[in-house]
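**Student:** Now for the letters of each chain:
Protein chains: 2
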Amino acid sequence: MARLRPSDRRDAIVAAALAVARRKGLAATTVRDVAAEMGTSSGLVHHYFESMDEVLAVAFSRVAEADLERSASEMASSDGPVAALAAFFRTYAPADSDWAFQLWLDAWAEAARRPAVQATSRRLNLAWQGLLEGTIRAGVEAGVFVSADPAGAAWRILSLVDGLALQVVAHGTTIGRDDVARWAASAAELELGMPPGTLAQSG
Amino acid sequence: MARLRPSDRRDAIVAAALAVARRKGLAATTVRDVAAEMGTSSGLVHHYFESMDEVLAVAFSRVAEADLERSASEMASSDGPVAALAAFFRTYAPADSDWAFQLWLDAWAEAARRPAVQATSRRLNLAWQGLLEGTIRAGVEAGVFVSADPAGAAWRILSLVDGLALQVVAHGTTIGRDDVARWAASAAELELGMPPGTLAQSG
DNA sequence: ACTGCTATTGGACGAATGCGCAATATCGTC
DNA sequence: GACGATATTGCGCATTCGTCCAATAGCAGT
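Protein chains in written order, with my numbering: chain A, 1 to 203; chain B, 1 to 203.
Derived from the structure by calculation, the hints contain no laboratory data.
Where is the CB? At the ideal position from N, CA and C, for every residue including glycine.
One should not assume that every hint holds.
Said to hold, decoys possible - Some chain B residues flagged as far from chain A (calculated, every beta-carbon gap over 10 Å): (1) Val31; (2) Asp33; (3) Val58; (4) Asp79.
Stated by the list, open to error - With a straight-line Cα cutoff of 25 Å, these simulated SDA-like cross-link-like pairs (lysine to any residue) come out: (5) A:Lys24 with B:Arg123; (6) A:Lys24 with B:Ala57; (7) B:Lys24 with A:Tyr48; (8) A:Lys24 with B:Glu69; (9) B:Lys24 with A:Thr91.
Produce the complete structure using the sequences and hints provided.
**Tutor:** Now the structure itself:
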C-alpha cells in the first residue's frame, strides 16, 4: 500500500476502525478488521498504536470529541444561559445520528474491560457535565435559573438525556426522538425553576 | 460429578454462568469457566444448550426477570403509592449490586446487533416502565401525586435512574451510589408534585 | 545514483475460544 | 444383578484473537 505520512496513517487507522465499529460494534472490532478495511497488513496497526485498546479509545474519542466541541461552540455563541441550554438539547448527539450514540452504548459497556476506553469515556462525560454545570451556574448568577446544587443538577439533566436516548437507540420503539427532546427540556425547566415552555421558545 | 436430572442440570449451568458473570462480566464468560464453576466438564454445557450465546441469554434473562419480580412484589405489598415508589428506588437493581447493572449495559450495547437480546431487553424495560406508570396512576387517583402524563413521567424517572446508575457502574467515580438514590428520589418528588423529603421518609 | 530512515509487509506465536464426538460412568427398571 | 438409556467425561479440532518481529519496499536528502 502507498506509503503515508505518520499523521495521515494514524488518521486512516482511526477512520477505518470507526467504519468497522459502525458495522460490527466497538467490542467486535479487531486488528485484522481494521487492516482489511484500509487494505493494508495488520502489523501496521501496531506500528502506530500500542494496543488495540488504544485504537478503539482514540476512535471513540474522535467522534465523541467532535460532538462535544460542536455543542460547546453552539452553546458559547448563544445569547445567554437559557439559549445555551436550549442549544445543548438541540445539538446533543442522539438528536442527529443514532450511530454516534450507539458508540456511547458500546463504550459504556466496554469500559469495564478496556481501561483506555473507560478513561476516555469518563473524561468526555465529565466534560459534558462541566459544560452543563457552567451554564447552570451562569444562569443562577444571572437570575434566570434557580438551583441549590448546580453540579448535581447538571448530572441529573445529563443522565436523563442519556437514559432517554438509550431507550430510543437500543430499543427503537415506544419512545421517539422528539419525546427525548421535549421531556428533557421540560424536566430541565422543572429542575432549574423556569416557567414551562421557556426552553421551547429559545430553541 | 453427580448425575443430575436434566432440569436441575440446566438450572445449575445457568447459576454457574451467573456466578462467573458476576466476576468477569457476561461477555467474558466462557464455556470452560462455567464448567469449572460447576466442577464438571465443558462438554456438558453443550449437551444442554445449543450454543454459548443461548446460555448467556438465558442467564441474563433470569437475573433481570428476578430483579423485576422482586421489585414488583415489594411494590405491590407496600402501603400506598408513595411507599411503593420508595420501594422502587430501594430495590432497583443498581442500588444493591453493580454487576447486575453491568449486564444491562452489555445488553443495551448488544441490542443493536442481536435481535434476541434486543427483544428481551425491550420487554423487560417496558415492564419496568409499566410498573412505574401503574404506581403513578394509582397515586394520581389517590391524590398523592400530580401528573398530567403518567406514562411520560414513568419513562423520565426510569431513564434518570438508568442514566445515573450508568455513570456509577461504567466510570466508578464522581458519582456515588447514594447520590443516585438521593437524586432520583428528589427528581421524582419534583416530577410528581410531592413535598421534598416525602420519599426519604417512606423509604 | 546512492544511502539512510522508516513505513509496510506477512507470517509466526501462544493463548483462548466454541463446538463435536467417541468413550465412560451412573442411574432407573425389570 | 443385569441391562438399557443417557448424563458425563475429556480431549481434539478448527478458528480467532492480540502482539511481536525480521524482512522488504519506498521516499527524502545528498
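**Student:** Just pull the numbers of the violated hints for me, sorted ascending.
**Tutor:** Hints 7, 8 and 9 not satisfied by this model.
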